[in-house]
Amino acid sequence: MHDFGYHRPASAADAAGLLAGKNEAKIVAGGMTLIPTLKQRLAQPSDLIDLGGIAELKGIKVESGGITIGAMTTHADVERSTDVRKTIPALAVLASGIGDPLVRNRGTMGGSVANSDPAADYPAAVLGLGATVRTNKREIKADDFFKGMFETALQDGEIITAIHFPKPEKAGYSKFANPASRYAIVGVFVARTSGGIRVAVTGAGPCAYRSKELEGALSANFTPDAVKAVKLSADGLNSDLHATAEYRAHLISVMASRAVAAAS
Amino acid sequence: MTATGIGASVKRKEDYRFLTGQGSYTDDINRHGQVYAYILRSPHAHAEIAKIDTSAAESAPGVIAIFTGADYDKGGLPAGWQIHSKDGSPMIEPPHLPLCKDRVRHVGDQVALVIAETYAQAKDAAEQIDVTYKELPAIISTADADKPGKPQVWADAKNNTCFDWHLGDKAATDAAFAKAHHVTKIDLVNQRLVPNAMEPRAAVGDYDRATGEYTLYTTSQNPHVIRLLMGAFVLQIPEHKLRVVAPDVGGGFGSKIFHYAEEALVTWAAGKLRRPVKWTAERGESFLTDAQGRDHVSHAELAMDKDGKFLGLRVSTVANMGAYLSTFAPCVPTYLYATLLAGVYTTPAIYAEVKAVFTNTVVVDAYRGAGRPEATYLLERLVDKAAREMKMDRVEIRRKNFIPRDAFPYQTPVALQYDSGDYFATLEAALKASDWAGFESRRADAKKRGKLRGIGISTYIEACGIAPSAVVGSLGARAGLYECGSIRVHPTGSVTVFTGTHSHGQGHETTFSQLVSDTLGIPIENVEVSHGDTNKIPFGMGTYGSRSLAVGGSALVKAMDKIVAKAKRIAAHLMEASVADVEFKNGTFTVAGTDKNVPWGTVALTAYVPHNYPITELEPGLEETAFYDPLNFTYPGGCHICEVEVDPDTGVTQIVNFTAVDDIGRVINPMIVEGQVHGGVAQGIGQALLENCVYDEESGQLLTGSLMDYCMPRADDLPNFKVATQSTMCTHNPLGAKGVGEVGAIGSPPAVINAVLDALSPLGVEDISMPATPLKVWQAIHSASAKVAAE
Ligand SMILES: Cc1cc2nc3c(=O)[nH]c(=O)nc-3n(C[C@H](O)[C@H](O)[C@H](O)COP(=O)(O)OP(=O)(O)OC[C@H]3O[C@@H](n4cnc5c(N)ncnc54)[C@H](O)[C@@H]3O)c2cc1C
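For the record, the sequence lines run as chains U and Y. Under the working numbering, the first sequence has 229 at position 229, and the numbering climbs by one with no breaks. Under the working numbering, the second sequence has 34 at position 34, and the numbering climbs by one with no breaks.
If you're looking for bench data, these hints aren't it; they were derived computationally from the structure. It is possible that some hints are incorrect.
Derived contacts from chain U toward chain Y, CB cut-off under 10 Å, selection only [what the hints assert, rightly or not]: (1) 1; (2) 2; (3) 7; (4) 41; (5) 63; (6) 180; (7) 181; (8) 183; (9) 243; (10) 244; (11) 258.
Ranges between beta-carbon positions, derived for each pair [claimed, not checked]: (12) 102(U) with 58(Y): 37 to 45 Å; (13) 399(Y) with 220(U): 56 to 64 Å; (14) 138(U) with 23(Y): 37 to 45 Å; (15) 440(Y) with 151(U): 48 to 56 Å; (16) 239(U) with 396(Y): 13 to 21 Å; (17) 239(U) with 148(Y): 53 to 61 Å; (18) 100(U) with 155(Y): 44 to 52 Å.
The C-beta atom is built at its ideal place from N, Cα and C for all residues, glycine as well.
Okay, chain U solo, but in the shape it has when bound (with noise of 0.2 Å):
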């Protein structure tokens, strides 16, 4: 990797401060993602502002009957937490499905959420749960924030300091993991809100969506069958070695039948 500037500030604000004063600065949460995109000298970042030491970013509370969750808080944290597998087990669940141990104890909810990769997990989540990204900035709506591959509607400076997940009537989630990455080739995030019901799928498109159709059918009928028979057009669809976009078409439907039989 090429040479950088390294900085722990102790506050968002400070980090907000250092982000806006340098010219190529970059966070660094987990660095899961980040450091090996340094490493392969994809990325030549003037300086890294480490959240790590930043208190206020991290842990998770139970919040006007959801649950928020801080930006620097690990997906470990967010597997094991009893709040979060009382009142959202499905995300527990997902976070448990993440890569390996060793990038679930270092890889964080708001590193994710703002990469946006396409195979990510946690967007399914932000995006069938109807969360709400709190930034130093502003709170943007899930159905507002993932704008493309890699692209989100965080401006320069920005940081993701929380996320705030209200709590559904019943949610699940269901991953066709890559067999080489493990990341997801389809992950299907279905939820039963209030607000009617909401389902978001992962590692199919360029970022995660929901899906109308998909929605439709849970509507009418809340059961795993009601969407495993529904066949999804394959337009528009990531094609890759692992899958082509028929292939995840099938698949879309076949996980959002599992995760509503997961659902609880």
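Take the given structure of chain U and dock chain Y with the ligand to it, following the hints.
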């Protein structure tokens, strides 16, 4: 049997070192004044190098030297085996320079060697080297490489053909097909694999200006072979001025047999710069430069009489060599492949044609099993298909064609003579252990759960214990393949064993200690095994081809025979008896029929403190060396049975049972044997279900260039294996050992694929290629059900 003797599952002596992080690998070695090498590699699969401008890079911080092909003034990497084509012409042997001069031939080819004070500085400087390439079209596909009009890798190799070789009796095979009742035909691809040893390759070159001696520390399975190849052919350094050390090595699987460019480059540069030079591969470089495995495209036909008895076999295979010839590449698809096409069957007439082709890809060479997995996969898929077409039971057709128990030694029509084996015994044991008979009820039960269950079998043989030198010499090997072992008995009776084999995960330090401690009747703690250093070990050919125990262990037995013969003469002198009357057992020398005895330690001490000694007849000291050249290959064989469940909704195949019953001859340490089978089967399952090395057919870029896309088997991909041995002894080596390193990877892939096909057979699926990924299985199910719907 004692607790540490032959046949005991002694815990591995080396594991304390490995598990506590005390192993010493090549990258752990740091020499005083050491500098670091980074190799700038070609981003193109095929291009002319029009210009290299290193001026900016040369003044980058820390840079000591930059070398390109224009600076390199030594030899190329040699091929260790020469094949002759059908028409008698020798194979095309293109130059293989460690630094490319005017053309690059695969992504990852060496373009410049950058040496700096730190690795990061070398890498930074390399970014400033300006190379002007003139891109050329690339040929990637194995099947298309020899077609007319394709891009040519080498001007001398017309239609990219390295050699066009054959084996067997064509006329007799044609005659067998002429009288056949039925012919089963199959087309198969044995896909390319990336070895992925856990430890990436590394090399440290050192030059001692006071003595003029070079030292190379390297991740090698055979340091003496590297010394010979690099010293004699590449850098012209005589053996007495070149030391090669292969310290702890973290896995090889064949990929660390070969002599690589980086070894020569760091040694050469160390001499030029008078400073030690270290290079360590990054994982991405391992993908782009470690010799890869397999990569065959084959067509085969099996002629049978009306009862399903095999009459003849025709095979034609195209084997991909990559862009150059790696050290042993030419022998893999020929003498390690076509010679195995008789398998465990009495097929009387066999004719095989093998064309080796060059492509703009990484070199291909021996990878765990090397040729024998390809032969086994082809035969066992073909036999299963034949059974289906003949409406015969899969097991029955095998039994009917097995080489009978009393037919050994058995001469095959493809050059080999099997010394021993009992294929019925391994088959019956595996059928029983896997509850083959009870399978249909498990299938029915799975069906209730919405799963497609299948069972598959493979009965295989392989040839290892490589190799009788005269035989391989007549077949084109440019080296002998004996092994060397030395036993040094110290004055107090403890023993250091020097072996020319190399342990890189196999546990030789334990197995060989057991062998020596049992034979000499001394505690296992009193034995130390030394390997991997040409300055310590008299000579050696290294470890590959499941040869270490069968050949290296036999050399140790021969050396111990000499030790015991000499020790008996010393003991006879001490006991004032005739040598003929001295017996040696459990570490004690006795005189037959008397109570006279001398312990091992006294004899050892006497050899080194020869005060009371037959000095006019016998030299002092107790140290012997033996070279052992085997009389034949060894022939492990056996039966693997795999049971799978396929999820029709996703195409995911889960292995629910795996049984391996192998005949590996004498077993020294059953636990280590079991571990070797586990590892081999895991690799075989990897090939069958997960691993695939894929290049972009146009650009030649490696699409599976990291572990994010290249799928290695992990613990949760594998079931608990049922492993057993059912051995007949090798008849021609003193241990009766056959070898176990490769059997798992050889026997298992067809068992897995045959099981997947059995699971999918109710849907009418007849073929699936490796790896049977969820995508492929789903597509097979999908198109079969579309076909059914259309009908
Ligand atoms: C081997 C491996 C397997 C993996 N498997 C999976 C998987 O199965 N499923 C899955 O979902 N993920 C997987 N991941 C990704 C991982 O879980 C992390 O979520 C991901 O790497 C990002 O989190 P991080 O904390 O490491 O972020 P970093 O790598 O530190 O940062 C990632 C990006 O986000 C930015 N960023 C970080 N925090 C913030 C913030 N608070 N505000 C704004 N921007 C921010 C950084 O600047 C950077 O651009 C895997 C990773 C690895 C290495």
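Problem set entry | Structure-inconsistent hints, enumerated in ascending order | 3, 5, 14, 16, 17
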